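Visitor: So the protein sequences, as listed, match chains U and P. My numbering puts the first residue of the first sequence at 12, with every later residue one more than the last. My numbering puts the first residue of the second sequence at 61, with every later residue one more than the last.
I should point out that these hints are in silico values taken from the structure, not numbers from a laboratory. Note that the structure is predicted; figures quoted are calculated from it, not measured. Among the hints, a few may not be true.
[Said to hold, decoys possible] Covered stretches of chain U (in silico footprint by chain P; criterion: 3 or more residues with CB under 8 Å from a CB of chain P, positions within the stretch not fixed):
(1) 81-93
(2) 200-211
(3) 260-267
By construction, the Cβ of each residue, glycine as well, lies at the ideal position given by its N, Cα and C atoms.
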Amino acid sequence: MSRARDALLAGLVLLLGRRREPPRPDAHLLPPVPKQPRAETAAIALLFVAALCAAAFPVVYFVDAIPAKTQYLGLSIGLALLFLAAALIVAAESVIPTEELAHAYPPDEHQEDEEYVAGLVEESGKGFTRRGLFKLGLFSAGGALGVAALIPAVSFGPLGVKEFYGTSWRKGRRLVDENDVPLRAADIHEKALYTAFPEGADKEEQGSAVVVVRLPQASLTLSGRVEGYDADGIVAYSKLCTHAGCAISLYRAPLFAPDEPLPALVCPCHYSTFDPSDGGSVTFGPAGRRLPMLPLSVDGKGELRARGNFDDSVGPSWWGVRERRPSP
Amino acid sequence: MRRLVVILLLLALPGVATAANGKQVYGRYCVMCHGPNGVGNSNPNAVVGGGPARDVGIEPGIGPSLRNVGARAADFYLRTGYMPLKRTGLQPRRSRLLLSSGQIDALITYVASLGDGPPVPRPQPEQGTLSEGQHLFASNCAGCHQIMARGGYVTHAVPPPLGQASATEIAEAVRIGPYVMPRFSTRQISNSQLDSLIRYVQWTQHPDDRGGLSLWRIGPVPEGLVTWFFGAAALVAVCLVIGRRLHE
């Protein structure tokens, strides 16, 4: 942290504390521009307002309490660009002297002419009295905009991988519907899709939502880690697709099994298709691993309860997803 | 003799929706798949051969039992043209009605008499609320049918668009779950919620397009394209104005 502060201080010193070059005594190729301190102040002020607007972007991005985030993100970037443009327009119009050269570029050997043009460029900055401050404004506006443009890259990576392992599902926790009413095994019918949550937990949490379906017990082929995870033919899987994390909201439930497609849980985003009778194995689509399964039991009152956590991490897959299993 | 009288009576009253009339239609178009008296047939090797339905291009095959499915299922499958199905294994789709309205009425009466099934529902979508309907549709139906009920895809099946679905057909489909659609019990979607749901689907059949153009109602992509088109034109116009001023 202190290194960053040192670097910042050094940068400021470099920018502001440099010795000013002694002004050339003679050269006045352009008619002297009347000094316009008010316009200059306005340009600098606009630059800092632009920096402020761009700096609001990371704040909006990271503070969860702000409603309608997308709109505010767009507003901050939009205003920052607008103010930056306004500052540059003001500077160009009233601070920087302009001279239009209408003739063609001279060939290379015309050294004198080249020097003349270089001199013109050199002098174009002469209108500034507070050059350092203007530069600082320019740098802060540009820097803040750059930071704002890079911030969304944070969304690419799984920062909170912990949430994918440590869900709210525990042994004995009841399954409730979206109105917090416990699910009863007798209310779970075949050919229907139910969404359930852990009782008393945050429904928005990544690992909370599960899909619950009932299948004929004879059709289940649960083996390996998920052997015996069903409760009398009722099975529960994480509602998050293992491909890109969309909600699995499609259930292919054949009415007449002999000549219709088999039961399947399907993700509407890219049509990853999972077999609910076979531990959620992938039968079609881009998903690379099966759906995490939740072990179920039915208690004495006929209500569904979890027998522990998922057998695998929930949510989209990432580099190294197979290296760890969630604790039960 | 008695049979002869019955047959004569049936010939005299061809349009009356009686179970006996329906049984006749059943024998023509349905029995080769659904079996005698609606017992169903799930054994492809025990298909009842031939029959008059061959004349209209219906192949014998396998089919589910119709005991206890009631007038509700019969009404849905016959009025949408889902049945009779050309051959086993196809997804039933909304199609031209092969049977006359009188034949359909008779067949529904006959199927209802096969067991103790539910009657045809009488939804009242005008009593539902549009916003509740949209919420229900978004969480239960839109995954397959798309939020504007224009239909979509599931692997190995095609969720149909609901543009032509009547209120009764929607109410029936939600409870039956035709083909691979899940079914919804009254515990999941109550009858009053179903009214709201139907009201929303009816709204999607005649939505008010804010900009005046529907843009095929397939979401933000065409809308964005149009916006970009107008936005780009506006930017070019601004550039022209600036360029002209500099020239002067």
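Visitor: Each hint should be assessed against the structure and marked as holding or not.
Guide: Here's how the hints hold up against the structure:
Here the stretch 81-93 of chain U counts 0 residues with a CB under 8 Å from a CB of chain P, which misses the bar of 3, and the coverage is violated. Using a Cβ-Cβ cut-off of 8 Å, 5 residues of the stretch 200-211 of chain U lie near chain P, which meets the minimum of three, so the contact claim holds. Figure legend: the stretch 260-267 of chain U, annotated as covered by chain P; annotation consistent (8 residues with Cβ-Cβ distances under 8 Å, at least 3 required).
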